[in-house]
Structures are given as structure tokens and as C-alpha cells.
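Student: Protein chains in written order, with our numbering: chain A, 1 to 436; chain B, 437 to 700.
Rather than coming from a laboratory, the hints here were simulated on the basis of the structure.
Some hints here could point you the wrong way.
[What the hints assert, rightly or not] Mimicking PhoX-like on lysine-lysine, the simulated pairs with C-alpha atoms at most 25 Å apart in a straight line are:
(1) A:Lys215 to A:Lys67
(2) B:Lys642 to A:Lys67
(3) A:Lys261 to B:Lys549
(4) B:Lys692 to A:Lys261
(5) B:Lys549 to B:Lys651
(6) B:Lys698 to B:Lys526
(7) B:Lys549 to B:Lys595
(8) A:Lys67 to B:Lys692
(9) B:Lys524 to B:Lys642
(10) B:Lys488 to A:Lys67
(11) A:Lys106 to A:Lys18
(12) A:Lys261 to A:Lys67
(13) B:Lys651 to B:Lys595
(14) B:Lys698 to A:Lys67
(15) B:Lys651 to B:Lys488
(16) B:Lys496 to B:Lys524
(17) B:Lys692 to B:Lys538
(18) B:Lys488 to B:Lys558
(19) B:Lys645 to A:Lys106
(20) B:Lys500 to A:Lys67
(21) A:Lys106 to B:Lys488
(22) B:Lys538 to A:Lys275
(23) B:Lys488 to B:Lys524
(24) B:Lys651 to A:Lys106
(25) B:Lys526 to B:Lys642
(26) B:Lys642 to B:Lys538
(27) B:Lys524 to B:Lys651
(28) B:Lys538 to A:Lys261
(29) B:Lys488 to B:Lys517
(30) A:Lys215 to B:Lys601
(31) B:Lys538 to A:Lys67
(32) B:Lys558 to A:Lys261
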Amino acid sequence: MGFTELGIAARNLLAHTKRTVFLGSAIAAVTGLLILLLGLTAGIEQTMLRSGTVLMTGHVNVGGFIKTSSGQAAPLITDYPAILRALEGHVPELHHLVVRGRGFAKGVAETGGAMDLILGGLEIGRETGFRQVVRPVAGSLDDLAAPRTILLFEEQLPRLQVGVGDTLTLSAPTAQGVNNTVDVRVVAIAKSVGLMSTWNAFVSEQTLLELYRLKPGSSGAIQLYLHDQRDAVPVAARLREVLARAGYRVMEADPQPYYMKLFQRVTQEDWTGFKLDVSTWQDELIFMSWILSALNALTTLLLTILGVIVVIGIMNTLWIAIRERTREIGTLRAIGMQRRGVLRMFLLEAGLLGGGGTLAGAGLGLLVAGGINRLQLAVPESVQVVLMNDTLVLAVQPAAVLGAVVAVSSVTVLAAVYPAIRAARLQPVSAMHHFG
Amino acid sequence: MRQSETFVSIILLVSVLFAQIPRAVAEPLDAAGTVALLRAIDERQRSSGDFKSLVYMEQKERDKADVVYEAVIYRRDADDKWMILFLKPKAEQGKGYLRIEKNLWLYDPTVGKWERRTEREKLGGTGSRRADLDESRLADEYDPTYEGEEQLGAFKVHKILLDAKPGVDVAYPQTRIWVDQATGNILKTQEHALSGRLMRTSYFPKWQKVFSESKPGEIWYPQELRFYDEVDRANSTLILIKQVDLRPLDANLFTKAWLESKSR
Chain A
1 MGFTELGIAA RNLLAHTKRT VFLGSAIAAV TGLLILLLGL TAGIEQTMLR
51 SGTVLMTGHV NVGGFIKTSS GQAAPLITDY PAILRALEGH VPELHHLVVR
101 GRGFAKGVAE TGGAMDLILG GLEIGRETGF RQVVRPVAGS LDDLAAPRTI
151 LLFEEQLPRL QVGVGDTLTL SAPTAQGVNN TVDVRVVAIA KSVGLMSTWN
201 AFVSEQTLLE LYRLKPGSSG AIQLYLHDQR DAVPVAARLR EVLARAGYRV
251 MEADPQPYYM KLFQRVTQED WTGFKLDVST WQDELIFMSW ILSALNALTT
301 LLLTILGVIV VIGIMNTLWI AIRERTREIG TLRAIGMQRR GVLRMFLLEA
351 GLLGGGGTLA GAGLGLLVAG GINRLQLAVP ESVQVVLMND TLVLAVQPAA
401 VLGAVVAVSS VTVLAAVYPA IRAARLQPVS AMHHFG
Chain B
437 MRQSETFVSI ILLVSVLFAQ IPRAVAEPLD AAGTVALLRA IDERQRSSGD
487 FKSLVYMEQK ERDKADVVYE AVIYRRDADD KWMILFLKPK AEQGKGYLRI
537 EKNLWLYDPT VGKWERRTER EKLGGTGSRR ADLDESRLAD EYDPTYEGEE
587 QLGAFKVHKI LLDAKPGVDV AYPQTRIWVD QATGNILKTQ EHALSGRLMR
637 TSYFPKWQKV FSESKPGEIW YPQELRFYDE VDRANSTLIL IKQVDLRPLD
687 ANLFTKAWLE SKSR
């Protein structure tokens, strides 16, 4: 009986080609759009996380603050080899780690250009993911291994008015609050990576030590990269306990990036000395979660509007179809088809239409997404700030495609339920007398 | 009777001390003489009672429109208390810094919050710091090295290199000062970073004095202060000190509550 209804439903779809193509195309378009939207959101999230976790934070960070007086704080850890020894064996999830300096300085060029910079101190030879995110357009990343060198981003050039080989003076107070300067040579200029390249610049670790007059073994944070970044929160909690047991003063978890803790919390507290601060990538990239939340809200709104349009469209079209086929329904009922059969027939018809439309839409969406990624479409600068990338990247995930197909098909079938019930309730005699 | 005798004696002692300065400094100085000169500079500016002045600050900064601030500075040197309350421009009105027990606090009325800041912070985004507008503590904070005599424009000056004493809280570890041999006034300073780089040049072309009954004696203060950023050369600050008032201030003036009440 089920196959009979399926056959009738399929024949109905084929018999009404125009309507089937129209409705199927609409469903396919909605599915394709949904896949592209989800791909765009996932792409932005992926790009932001990849850029953020390479440029600004590890999955888990062991940083800290030194306060020489109540009002004077610096984002520093001392004797990090000892901290590394304390962590040994406690992070089986660890993939690799890097040690990064943290600092703030005013950069002033000989040409007169100047701007405030957030400095990252690194040993370029030990950085693995850095080269995948930071793409030099001039100079060489390898030259960052030399002391007194700096890497800038393209968007900083108009303000600093420098090029590769030029000298920049970095001026900053030390942890004791005494002003110091270091002259650095610009060795590389990298392609901008959105928000994070607005203020960030990278110097060799040695340069930061010199600027802040720190002993070797001092740095900004130990950045730990895990096999799975979702383990960050439990790993951070475990490390807080491990480090406290090892005798370190450890700050409580606080979902804020280190620079906000520095300016808004640590300088306001009365303690002096040294405290460790264990943070996760979610804490350090909290501004990204704000952007992603806004993006998700926008996506949800768009999807809701799309969903409502689909439901209304399908209901309306099926309603018209039932009106047109009232006599046909009456005949089917007269030759013995039960009400449930009629209901199933219309639902199967909607299901077939939804299934076919969504599969076609998924294929279309994948093709368009692939094409956009292949074309590496450039995005305007204002959009780059949010995307953290200069090209549009769509990350279409299999689960998202499957979800879109199932969701749109389900909505199509659900939208058909009411018209199908109305069709099933028709009396055979009155239906056969209907002239539509 | 005894009180008036003591008063007269102090006046005479102070007069003799200041009468000595021009003669004492109008020739190359040895180490002891250099330290004595620093002490004399500090003493000339010391106010034993309260000190209030109206100041105008003009800030020139790269890529920004010039800003003129009007503020009132309050000092109670005996307790190391210091406060500045901004009156203009409108955006800065009610903002203030308060120094209590070596802690500098900033009050921002727009958010109604106090923030602890470093002693060396630039005030309200200008090129000046708290120490520029507070009492002089050169002898306490620096070890001097006499570098010789020089001609600074029309003035014959002593050039002295000052190195910050260990553990002293100063923004620049090394400062060079040019002291007018005729008056004992500082006419120019140059401050250097730890790296040795010149960071800021300051000029003090006009000095004024007011008589303090509580000191008792004259208190000297620079009427015009010009600060030039030597790293970012587009930045400079001009400060004019007006209407110095040495009358006693309210006892509860140097409190957070008082500053907050002024911003309402």
C-alpha cells in the first residue's frame, strides 16, 4: 500500500511539472542559501580562531602579572623554565607549546609616523603555526630571529610611514615604571589579518627583554596548544590546581583577556609581587565571541525569515494543488483509498519534493561554496576587520549540509501536514462533484 | 615676645640663605656645592603650608586637534598630598587625580569610578606628569654630577647631570638640568630613558615668587612650563600657572569624596 501511495505521489509530482519545478527550485534555493550562510559563519569562526590562537593566544595560557607597587603592574612571568617543569606530565592533551612575550609600546618612526602597538615577543624558529597565518608581503619572517627586529602589518604602514629596513623606536615604561626605548629594524611586513593586525606587532623575544630590562627566563606567557581546543577549560582548571600546589600564587579564573585584567583589575588590586594567571583561548578572544554571537544572531534571524517564507510557500502551493485535485481525491477515496492513505500520499509528495529539492540545493550550495573558495574573493577592508582575513572563506562542514537537508525537508513535510489533513477529510461524493 | 623673636630670626636666616645663592652659584661647583644647589632649588619651591593654583595646559598632539585644559592644583606638601581637578574642556570637566600615600587615583565622572594609576602617568593625556606640578625633590631623588658652565641664550648656567637614586620612583632615570647662575632657577631640563635616549626637553622661561607666611619666606614657582616630546616630536605641552593662593585649604579637601562632589 505504501509503495502505491509513493508511486501516486511521484506521478503527481511528474504530472505537475511546472509546479514541481517551481517549488523544488524554491526549496533548493533555500537549502543552498542555508548551506552558504552556515558555511560563511563557520568560515568566519574558523578563520578568527585560527588567526586568534596563533597571533594572540594558545588554547591555554599560563601568563602572569608582576606588581612592583600597588598601582604598577606588568604582564610578565619570571623564571618560566621552572613553571614549565611544574607543568610537566600534567597536560597529556598537549600538542605543542610556545613562549611569547607580552608588551605595549609606542612606536615612533624616523619619518615622524607614530602609533601605539601591542607587542608579541617570539622566537620565530620555534613557532609552527605562525607562518600559516602571517604572510609576509615584504621582507622575511626568518629575519625576526635577529635581535632588535620587528614585524609590522600592512595596515599599520600609513600611520608609521616605514618600510622594510627602516628604523622604529619603541618606547615603553619598564615593570618598575622607568621609561626605556629600543630602536628596532623593520624586517618584515605582513598582510593584514583584520582586527588583530590593527595594533599587534611582533618582535624577537630578546627585543622585549631589552625594552623591559628583564632577565633571561622572563616572558609574557606560556601558550599551550592542545590536540583538541575544546579541552581548554578543564585543562586550565587542572593547571590552576597544579601550579597552586607547586607554590605559585594563582589568580582565579576570570573570562577576560589579559590586557583587560591588567588595566581594569590587577592595577586596582592592593597586592604586590607575582601572580600567575591561567586563561583559555575563549577568555583571550572574548571580543571574537561577541562578534560571533552577533553573527549567529543575524544568521538565526535570516534563517527564521527563510523558514517562514518556505512554510508559507509550500502550504500555499499544496493548498492550491489540493483544490485543483479535489475530484481526483474524491475518485481515490471512492475506489477505496482510506483517509490515512490520502494523508500519507500528500505527505509523501511533500517529502519527495523536499528531499529532491534539498539534495539539489545542497549540491548547488557546495558548488557555489567551492567556487567562492577557489576564486579567493577579496573582501572590503571594513569587512576584513571582522573576518580577520582578506578573502572570503566558506567552511562547509558535512554535518551542516546534512543538517540543512534534514531541516528543510522536515519543514517541507511539516508544512504539508495541514493541507494533507484537509484533503484527507474530504467526502468522496462532494469531492467528485467539485469543479475546480 | 619669644615667638616674635623666633620669627625674626627665621626671616633673617632665610634671607641670608637666599642672599648667598647668587654668589654661591655664580662659579663652577664642586660636588658638595652641587648638592647644596639642589637643596636650595628644592627649598626655594617648598611650601610648608597649602598651595593652590589655577593652571592652563595646551596640548599639541599628532593627528589631533589642540586641546586647552583649565585645572586647579591643590598641594599640601607637609603630608605629600596633591590633587588636580580639571575644569575645562567640557569633556574633561570634573575629572581629577588625587595622590594619597604615594598612590595616584584618577576619578572619571563619566563612569563615576576611581582607578589607581601610576605616579608617572601623563596627566589627562598631556605631556606632563604629577611630578612636574608637585614640589621639587631633586636632592632627595637624584645624585648630581656637575658638568660645567654653559651659556643658555642670554643666561649663564650650571649644567648638572642627575642620576636617580636606587629605589626612587621617577619616570626618567637620568635628567640633565640647566640652572641660571644669577637666580638659581632651573631654565631647562632634558630627561633620558634607560637606554640613554633623550625623551623630553622642558623649558621654564618664567619664574614667579609669592610670600608664604607659613614658611615663612618666598616660594618660587615656574609660571610657564614647556614640554617637548623628543621621541614623538609632534607632541608638546605648554602649562601656565596662574593665581597662586597659599591660604590654608579645607582639612577634608584631599579626599575622594571631595573630588567626587566637585564633579556633580
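Student: Look at each hint and say if it fits the structure.
Tutor: Now for the hints, and whether the structure bears them out:
1. For the suggested pair lysine 215 (chain A) and lysine 67 (chain A), the alpha carbons sit about 16 Å apart, so the restraint of at most 25 Å is met.
2. With a CA separation close to 39 Å, the supplied pair lysine 642 (chain B) and lysine 67 (chain A) exceeds the 25 Å bound.
3. In summary, the hint linking lysine 261 (chain A) to lysine 549 (chain B) is supported, as the alpha carbons are separated by about 16 Å, within the 25 Å threshold.
4. With a CA separation close to 24 Å, the supplied pair lysine 692 (chain B) and lysine 261 (chain A) stays within the 25 Å bound.
5. Distance restraint check for lysine 549 (chain B) and lysine 651 (chain B): the Cα-Cα separation of roughly 37 Å exceeds the 25 Å cut-off, and the hinted pair is therefore not satisfied.
6. In summary, the hint linking lysine 698 (chain B) to lysine 526 (chain B) is supported, as the alpha carbons are separated by about 14 Å, within the 25 Å threshold.
7. In summary, the hint linking lysine 549 (chain B) to lysine 595 (chain B) is not supported, as the alpha carbons are separated by about 44 Å, beyond the 25 Å threshold.
8. Proposed proximity of lysine 67 (chain A) and lysine 692 (chain B) is supported: the alpha carbons are some 24 Å apart, at most 25 Å.
9. Of the supplied pair hints, the one linking lysine 524 (chain B) and lysine 642 (chain B) holds, its CA atoms being roughly 24 Å apart against a limit of 25 Å.
10. With a C-alpha separation of about 33 Å, the suggested pair lysine 488 (chain B) and lysine 67 (chain A) falls outside the 25 Å cut-off, and the hint is violated.
11. In summary, the hint linking lysine 106 (chain A) to lysine 18 (chain A) is not supported, as the alpha carbons are separated by about 67 Å, beyond the 25 Å threshold.
12. For the suggested pair lysine 261 (chain A) and lysine 67 (chain A), the alpha carbons sit about 13 Å apart, so the restraint of at most 25 Å is met.
13. For a cut-off of 25 Å, the pair hint linking lysine 651 (chain B) to lysine 595 (chain B) is broken: about 29 Å separates their Cα positions.
14. Pair hint lysine 698 (chain B) plus lysine 67 (chain A) does not hold up; C-alpha atoms about 32 Å apart against a cutoff of 25 Å.
15. About 15 Å separates the Cα atoms of lysine 651 (chain B) and lysine 488 (chain B), which keeps this hinted pair within 25 Å; it holds.
16. For the hint pairing lysine 496 (chain B) with lysine 524 (chain B), the CA-to-CA distance comes to about 16 Å; that is within 25 Å, so the pair holds.
17. Between lysine 692 (chain B) and lysine 538 (chain B), the direct Cα distance comes to roughly 15 Å. Compliance with the 25 Å bound is thereby established for this hinted pair.
18. Taken as a hint, the lysine 488 (chain B) and lysine 558 (chain B) pair is honoured in the structure, with Cα atoms around 20 Å apart against an allowance of 25 Å.
19. Note on lysine 645 (chain B) and lysine 106 (chain A): the hinted pairing is violated, with a Cα-Cα distance of about 38 Å set against a maximum of 25 Å.
20. For the proposed pair lysine 500 (chain B) and lysine 67 (chain A), the alpha carbon gap of about 33 Å is over 25 Å, so the pair is violated.
21. With a CA separation close to 34 Å, the supplied pair lysine 106 (chain A) and lysine 488 (chain B) exceeds the 25 Å bound.
22. For the given pair, lysine 538 (chain B) sits about 23 Å from lysine 275 (chain A) by alpha-carbon distance, which is consistent with the 25 Å threshold.
23. Among the hinted pairs, lysine 488 (chain B) with lysine 524 (chain B) is consistent with the structure: their alpha-carbon atoms are about 17 Å apart, no more than 25 Å.
24. Under the criterion of a C-alpha separation no larger than 25 Å, the hint pairing lysine 651 (chain B) with lysine 106 (chain A) is inconsistent with the structure, at around 43 Å.
25. Proximity of lysine 526 (chain B) to lysine 642 (chain B) is assessed by CA-CA distance (about 29 Å); at most 25 Å being required, the pair is judged violated.
26. A C-alpha spacing of about 29 Å is found between lysine 642 (chain B) and lysine 538 (chain B), which places the hinted pair above 25 Å, so the restraint is violated.
27. Between the alpha carbons of lysine 524 (chain B) and lysine 651 (chain B) the distance comes to roughly 32 Å, so the proposed pair goes past 25 Å and is violated.
28. Annotation: proposed proximity of lysine 538 (chain B) to lysine 261 (chain A) holds, straight-line Cα distance about 23 Å (limit 25 Å).
29. At roughly 12 Å between alpha-carbon atoms, lysine 488 (chain B) and lysine 517 (chain B) fall within 25 Å of each other, so this suggested pair holds.
30. A hinted pair counts as satisfied when its Cα atoms are at most 25 Å apart, and lysine 215 (chain A) with lysine 601 (chain B) qualifies at roughly 21 Å.
31. In summary, the hint linking lysine 538 (chain B) to lysine 67 (chain A) is supported, as the alpha carbons are separated by about 15 Å, within the 25 Å threshold.
32. Annotation: proposed proximity of lysine 558 (chain B) to lysine 261 (chain A) holds, straight-line Cα distance about 21 Å (limit 25 Å).
Figure legend: structure checked against the earlier numbered hints; hints not met, in rising order: 2, 5, 7, 10, 11, 13, 14, 19, 20, 21, 24, 25, 26, 27.
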